[in-house]
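Position one of the sequence shown corresponds to residue 6 (our numbering), numbered consecutively onward.
Calculated directly from the structure, the hints in this document are not laboratory data. Among the hints, erroneous ones may be present.
As the list claims (entries may be wrong) - Quick list of simulated restraints, FRET-style, between CB atoms:
#1 233 with 258: 21 to 29 Å
#2 99 with 63: 20 to 28 Å
#3 107 with 135: 14 to 22 Å
Think of the CB as a built atom: it goes at the ideal place given N, C-alpha and C, for glycine as much as any other residue.
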Amino acid sequence: MLLRKTALVVSLVAAALFASAGTATAAPADPTPAPVTPEAFAAAAANPVIVVGGLSGIAVAYEPMAARLRADGYRTFIYQLPGLGLGDIPTSARAFATYVDQVRASTGAATVDVVAHSEGGLVSRYYLKRLGGTATIGRYVSLGTPQYGTYVANIVAFLGLGSCAGVVACQQMTIGSAFLADLNAGDDTPGAVRYTTIRTLQDELVRPTGNAVVNDGATNVLIQTYCPLRVVGHLGLVLDGTAYTIVRGALVDGPVRPNCLAL
Numbered sequence: 006m007l008l009r010k011t012a013l014v015v016s017l018v019a020a021a022l023f024a025s026a027g028t029a030t031a032a033p034a035d036p037t038p039a040p041v042t043p044e045a046f047a048a049a050a051a052n053p054v055i056v057v058g059g060l061s062g063i064a065v066a067y068e069p070m071a072a073r074l075r076a077d078g079y080r081t082f083i084y085q086l087p088g089l090g091l092g093d094i095p096t097s098a099r100a101f102a103t104y105v106d107q108v109r110a111s112t113g114a115a116t117v118d119v120v121a122h123s124e125g126g127l128v129s130r131y132y133l134k135r136l137g138g139t140a141t142i143g144r145y146v147s148l149g150t151p152q153y154g155t156y157v158a159n160i161v162a163f164l165g166l167g168s169c170a171g172v173v174a175c176q177q178m179t180i181g182s183a184f185l186a187d188l189n190a191g192d193d194t195p196g197a198v199r200y201t202t203i204r205t206l207q208d209e210l211v212r213p214t215g216n217a218v219v220n221d222g223a224t225n226v227l228i229q230t231y232c233p234l235r236v237v238g239h240l241g242l243v244l245d246g247t248a249y250t251i252v253r254g255a256l257v258d259g260p261v262r263p264n265c266l267a268l
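Can you make the complete structure from the sequences, with help from the hints?
This is the structure in structure tokens:
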């Protein structure tokens, strides 16, 4: 019974994720090689960027974001969470720490930047705060991460499916969980890392949407503050052109200037 309930919850989460993709438009394929610009040279010399997936997020779902970054000249890698992120978040963070070291070794870079979606933002933040990651991460950008938990996880328990139907990461993303109490104790933004969070009012999996922000000096961006007519769902954050313009600005320490018409 528990396995059937777990499968049901994972299926519902995955369906919600991919249903929200319809609210955003991926960048169209362009067979013409991009011109080599000074900006592209600068990006190639910048920190490598690791795109960190979320709960049930397979690597290919993040290829549109990675493709945009590569087109802008960034050395880009995609990290799929172990077990699709269903397990213990600190355990996933320790595996992520190993991956960061592998990227640094393969590129020769002292530090990398992280663009993390959903649960991936918690995995990355645990690495920063509890595993010494502030020495190896230059910029942290989260997209729709339940930094302070989400009622969606609480609702699963309320509906009688048990404690998140046995999904450990779901339990840990529940508002008031012991994991989040530990992660959010003290400084939200340790080290010299530049922290940016990006959220959307239409996020169907992070409720309340204000729980996607962090305190203590982070740049917290609500897309609809700048682009009130922009409709972006949870998975749409990794596909939407406006969201990407915020990511791109964060990676160069620029001001928040979203392009509300970007595809």
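Checked hints:
1. 233 with 258: 21 to 29 Å: 26 Å, holds
2. 99 with 63: 20 to 28 Å: For residue 63 against residue 99, whose Cβ atoms are near 21 Å apart, the range 20 to 28 Å holds.
3. 107 with 135: 14 to 22 Å: 20 Å, holds
Hint compliance for this structure: every hint is met.
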